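For reference, each letter of the sequence shown is one residue, going 1 to 569 in my numbering.
Just to be clear, a hint being listed does not mean it is correct.
As the list claims (entries may be wrong) - Capping the alpha-carbon separation at 25 angstroms, the derived lysine to any residue pairs in SDA-like fashion look like this:
| hint | residue 1 | residue 2 |
| --- | --- | --- |
| 1 | K459 | Q337 |
| 2 | K187 | L162 |
| 3 | K161 | V207 |
| 4 | K339 | V304 |
| 5 | K216 | I241 |
| 6 | K339 | S311 |
| 7 | K450 | K284 |
| 8 | K272 | Q261 |
| 9 | K372 | K459 |
| 10 | K308 | K284 |
| 11 | K284 | K361 |
| 12 | K504 | S461 |
| 13 | K308 | Y324 |
| 14 | K482 | R440 |
It is worth saying that the hints were derived from the structure and are not from the lab. As the structure is a computational prediction, the values presented were derived from the model and not from experiment.
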Amino acid sequence: MASPTNMLAEEQVHCSICLDVFTNPVSIPCGHNFCMACIGGYWKTSSLFMCPMCKKTFFKKPDISINTVLREIAEQFKDMKIKPVLKEQQLQQQHEPEKLLKDLDWEIPELIPPSGSLIEGVCCDVCTGPQQQAVKSCLVCLTSYCEEHLKTHTARFTKHKLIEPVQNLEDRMCKKHERLLELFCKKDQIMVCVLCTEMDHRAHYTVPVEREWSDKKALLRKTEAEVQQMIRERLQKVEDIKHCIELNKHSALREIEDSVQVFSNLVRKVQKAQAELVIAIEEKQRKTAQWAQGLIEELEREIVQLKKRNSEIDHLARTDDHIYFLQNLPSLITHPQTKDWSEAHVPTNQCLGTIRRAVSKLEETLAEEIEKLAETELKTAQKYSMDVTLDPDTANPWLQLSEDRRQLRHLGAWQDLPDTPDRFNTVVITLGCEGFTSGRHYWEVQVGEKDDWYLGVAKESVNRKGRIAISTSHGYWALAMKKGQEYRVSSSPPLILPVNPKLKRVGVYVDFEEGHVSFYDTISRSHIYTFMDSFQEKLYPFFYLYCCDKASDILSICPVMDVTHNKQC
1 MASPTNMLAE
11 EQVHCSICLD
21 VFTNPVSIPC
31 GHNFCMACIG
41 GYWKTSSLFM
51 CPMCKKTFFK
61 KPDISINTVL
71 REIAEQFKDM
81 KIKPVLKEQQ
91 LQQQHEPEKL
101 LKDLDWEIPE
111 LIPPSGSLIE
121 GVCCDVCTGP
131 QQQAVKSCLV
141 CLTSYCEEHL
151 KTHTARFTKH
161 KLIEPVQNLE
171 DRMCKKHERL
181 LELFCKKDQI
191 MVCVLCTEMD
201 HRAHYTVPVE
211 REWSDKKALL
221 RKTEAEVQQM
231 IRERLQKVED
241 IKHCIELNKH
251 SALREIEDSV
261 QVFSNLVRKV
271 QKAQAELVIA
281 IEEKQRKTAQ
291 WAQGLIEELE
301 REIVQLKKRN
311 SEIDHLARTD
321 DHIYFLQNLP
331 SLITHPQTKD
341 WSEAHVPTNQ
351 CLGTIRRAVS
361 KLEETLAEEI
371 EKLAETELKT
381 AQKYSMDVTL
391 DPDTANPWLQ
401 LSEDRRQLRH
411 LGAWQDLPDT
421 PDRFNTVVIT
431 LGCEGFTSGR
441 HYWEVQVGEK
451 DDWYLGVAKE
461 SVNRKGRIAI
471 STSHGYWALA
481 MKKGQEYRVS
491 SSPPLILPVN
501 PKLKRVGVYV
511 DFEEGHVSFY
521 DTISRSHIYT
531 FMDSFQEKLY
541 PFFYLYCCDK
551 ASDILSICPV
561 MDVTHNKQC
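Sequences and hints are given; from them, build the entire structure.
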């Protein structure tokens with residue numbers, strides 16, 4: 001009966017196709033090995049390039065490589081199968097079985113591990129025969145013992161310190177003094193032996209490794225708790241994100257349904273307007289044709305009369321009867337009563353302007369739909385309201401902030417304030433305290449009767465000293481009223497907006513990820529303008545207020561009001 005070692009060797013060197021020892025073994029990409037001729041023949045008889053072992057399929061014929069190590073082992077194994085026969089003959093002739101067995105072991109030193117050896121775990125260092133699993137390691141002897149040999153050791157060395165079996169006990173020895181590492185240097189944060197404390201670590205604070213282990217274990221427990229808390233937080237974040245994905249999905253479905261409803265309604269109105277326009281044009285064409293047909297019939301009647309008169313004239317002209325001619329001439333010499341047709345005409349393009357008027361009505365309908373959508377859009381934006389306060393460290397010295405930092409006023413006088421790097425020293429600007437690098441945000445500002453202001457957002461890196469150009473190219477996305485004459489946005493170049501009536505309260509909405517900055521008239525519930533850009537750095541609410549004569553000219557950050565329920569959101 002074959003030994004386990006021989007069975008292991010045979011499994012290692014057998015081809016799974018021919019079931020014989022490898023001949024020219026090759027490896028395929030999945031990691032399995034076959035004889036070169038076997039795998040080549042297998043693929044020729046199959047419509048797919050598939051591994052016979054794991055059934056992995058390749059889309060094209062995979063590259064194969066010669067396994068030189070396996071080839072050498074296979075050749076060794078073949079020799080091993082032949083040599084026992086030869087050695088048996090030599091055994092009968094020479095009667096030297098021990099020598100032959102030794103030679104046989106020499107042939108395959110790395111192919112088959114020694115019988116009884118343990119591949120995994122810590123082995124007993126004392127066992128001379130089949131090695132047993134160690135149950136303890138001695139820190140004094142630097143030896144691991146199985147259960148049997150541990151009894152002898154414990155009986156003789158009762159004070160030796162035993163630990164759970166470990167590999168590489170020499171790592172627990174000081175490499176310099178070959179003594180046990182039983183102290184921990186607090187200063188250098190390394191383990192040392194007793195002799196180290198008398199030399200390199202003299203006067204250093206050291207503690208037994210057991211105490212340091214206890215302290216570090218407590219620290220590890222704390223770290224473990226922190227890591228577990230981080231795991232819980234991230235798991236919760238995963239759940240939050242999944243929840244947001246579901247909300248986003250439902251929101252997208254609602255948007256799709258709303259868009260289908262809106263556009264279907266618009267399509268119906270367009271189709272209705274088109275049908276009405278066609279009917280109106282056809283009715284006009286029918287009436288015109290009817291009127292023209294009446295003209296034709298009237299003309300034809302006159303033509304009949306004129307032809308009759310022409311026939312009578314021709315007949316009279318042909319007569320030689322002087323008396324008859326002169327008697328009938330007076331009745332024929334005068335023209336018959338007919339209509340003056342010189343001004344009569346039929347219009348060929350009676351529908352001029354009809355299409356334009358119909359489209360204008362559609363524009364009115366579309367404007368009504370846009371107003372409805374703008375109101376819905378504003379309600380959604382107000383759900384992202386944030387608490388905005390003014391930052392006194394950025395405020396220009398001409399500007400005065402209220403105690404609650406929600407109102408801004410131009411003093412008309414310079415204040416002696418420190419010129420910090422964050423402060424705008426020339427242009428009358430201040431920023432909000434609350435910046436953001438993600439998400440959606442909304443706030444409202446009461447502008448009242450003020451006639452020179454800017455509202456919006458500015459990126460963190462904007463220039464704060466000297467002359468400043470407020471435009472998107474310089475990091476400002478803002479709506480402005482300039483000198484009471486016109487509304488404009490800080491595009492480059494500035495774009496003038498036809499805003500009517502005058503703005504009293506403005507809503508600002510920012511979607512950082514989408515790169516949108518939108519402005520709304522919260523009184524009329526209408527959309528004013530939207531910037532579409534991309535943001536690469538932190539944004540801050542931005543306010544500009546020029547000097548006005550009116551003492552009541554104050555910009556106020558207002559709480560967002562729910563118009564539907566008349567309460568604060």
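We went through each hint and held it up to the structure:
no., hint, verdict
1, K459 x Q337, "violated, 89 angstroms"
2, K187 x L162, "violated, 28 angstroms"
3, K161 x V207, "holds, 18 angstroms"
4, K339 x V304, "holds, 14 angstroms"
5, K216 x I241, "violated, 36 angstroms"
6, K339 x S311, "holds, 20 angstroms"
7, K450 x K284, "violated, 54 angstroms"
8, K272 x Q261, "holds, 16 angstroms"
9, K372 x K459, "violated, 32 angstroms"
10, K308 x K284, "violated, 36 angstroms"
11, K284 x K361, "holds, 19 angstroms"
12, K504 x S461, "violated, 30 angstroms"
13, K308 x Y324, "holds, 19 angstroms"
14, K482 x R440, "violated, 28 angstroms"
Taken one by one, the earlier hints fail for this structure at numbers 1, 2, 5, 7, 9, 10, 12, 14, listed in ascending order.
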